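Going by UniProt numbering, the letters in the sequence shown line up with residues 1 to 571, in that order.
Hints were generated in silico from the structure; no laboratory data involved.
Please note that the accuracy of each hint is not assured.
No more than 20 Å apart at the CA atoms, straight line, and that leaves these computed lysine to any residue pairs for SDA-like [said to hold, decoys possible]:
| # | residue 1 | residue 2 |
| --- | --- | --- |
| 1 | 267 | 286 |
| 2 | 231 | 363 |
| 3 | 448 | 471 |
| 4 | 448 | 524 |
| 5 | 398 | 528 |
| 6 | 338 | 181 |
| 7 | 448 | 458 |
| 8 | 398 | 192 |
| 9 | 398 | 500 |
| 10 | 304 | 159 |
| 11 | 398 | 185 |
| 12 | 448 | 528 |
| 13 | 338 | 269 |
| 14 | 367 | 289 |
| 15 | 231 | 289 |
| 16 | 489 | 500 |
| 17 | 367 | 228 |
| 18 | 231 | 366 |
| 19 | 367 | 377 |
| 20 | 398 | 190 |
| 21 | 231 | 293 |
| 22 | 398 | 260 |
| 23 | 367 | 296 |
| 24 | 267 | 255 |
| 25 | 489 | 170 |
| 26 | 448 | 437 |
| 27 | 231 | 338 |
| 28 | 338 | 274 |
Given the structure is predicted, the values throughout are model-derived calculations rather than measurements.
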Amino acid sequence: MSIQSLGGAIGESLGSSLTVRMSGAGGGWSALSLKPVSSGRIASIFQTMVPTGYTKLQEERLSMVDLGAKPDIGSLQNGYRQETSHIEGRRLLDRASRSSVTLSDCGDGGYSETEPMLAERRLSGEEADEEEEDDDDEEAGLGPAAQNMPKESPLAMALQILLPFLLAGFGTVSAGMVLDIVQHWAAFQYITEIFILVPALLGLKGNLEMTLASRLSTAVNVGKMDSPIEKWNLIIGNLALKQVQATVVGFLAAVAAVVLGWIPEGKFQFSHAVLLCSSSVATAFIASLLQGIIMVGVIVGSKKTGINPDNVATPIAASFGDLITLAILAWISQGLYKCLDSYPYVSSLVCAFFMSLTPLWMVISSKHPASRTLLYSGWEPVITAMVISSIGGLILDKTVSDPNLAGIVVYTPVINGIGGNLVAIQSSRISTHLHFHCAPGEVPDEAKGCYYPCRTFWGTGANHRSAQVLILLVIPGHLIFLYTIHLMKSGHTTLTPIFMSVYLAAAMLQVLLLLCIADWMVHSMWRSGKDPDSFSIPYLTALGDLLGTALLALSFHFLWLIGDQDSDVGD
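Please work from the sequences and hints to get the whole structure.
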């Protein structure tokens, strides 16, 4: 059965409530729209979740791709296409022919870190002067000189963020429950340094998956994924790059676990070190591959349905990332631990196999200029973030070793994951805003000068509204997840009012600090010429892991000191 006939059958079966529109040369899926049904209230809610501006923006881009031109983002004001003259259309085609970026143009490797994500290449010198002369009649703000992103209402933004945020939260709750169970397994009890690996490997979703989601979300919003050839080159190159980074970061995380866990105590066993390396590399490779494929599907699906991927991609990237990564780590480490005595060479073979695939992924990623640039320059943030997360893992390892503080395990992935998800959304949105409105090295007027925290939350701009929406999600979200853990009878701590107050205070402080750091960091990186999509999220999620684990450990120590202590719940 063809896709066309299948789509028609589905449309007939759903009746008038759902309409699937197909267009393009191959009859590909182009848009999914909801029509009013008998319950007008439900329909209006779903229609609000897909702002008209993004649907119109995708239609504009698809029509321009058929003509071989880039979309005129500037002609979309408040989400609606403005009428343009014949002269403006011809000028747009001329501009697209000058600004198209091909693989042959970038074969010399001289590719800017921010250029792959821009809708058009920046003109300078004589070209810029000619462009200004040609665009004198566009000063009214209707032409490409005035680039405006489609506007979102706070309600639409909140509805788009809410569902992925809840999915991501329940994923972190599941990861915490799994960690609460596997901490009693033999591998985790006799090789406690595995706990140091947990934040570093769970942080890969921030280092790699969320970074991939942010890069592709920006590429979608600025029109870099309208061409099928360019889209798949960008996807394959980024996936291969992610596998290289996952393998290397997994190995370095194991080395950090050895250094932080054993050397200070003067204890070292080579077989345990090899097991740590094998478990870490295999977990990073497999989890990164699975999550990368899921992430690409989310980005492409968001583009086709008209949903802003900045709002949904990064939370969905983390929704099941923690659970998948932790389950793979527990399964592989326990299996290798059982083979440690009878088949000691298995760990070495597993590590060697995954490491030997690294040259293949390097060759594939070097074929696309955007991923080739990051293959050489993108290591600083992921390695630094891994070290920061490993310090958080050391805190977790020392805290778990205290029987009186055993309850921290189930809450660590929750507070770390939620903080990382929220700050990743904000970072991705700020980065997209800068790609739309500012040249590399330039920042908006409100971001100039010395930073102060009020700048992040007080204002009427889109980034101010998103920060306000995100901070309002912290308390209700954590209450839902705490109650879920309580219903599942997991953990070792009773939900007393004192515990909930201290926990929520730690969570709120973590997110406040992260949003302020994100505002300062993204603008600073853009000012220095670095692409925030590739450099900011690894640092922010790693800081989220460190702040979350440290604040949670301090909270549990404080609760123990004031007498709110019980470590037998859930045993």
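Could you tell me which of the numbered hints above are not met by this structure, giving the numbers in increasing order? Result: hints 1, 3, 5, 9, 27 break, sorted rising.
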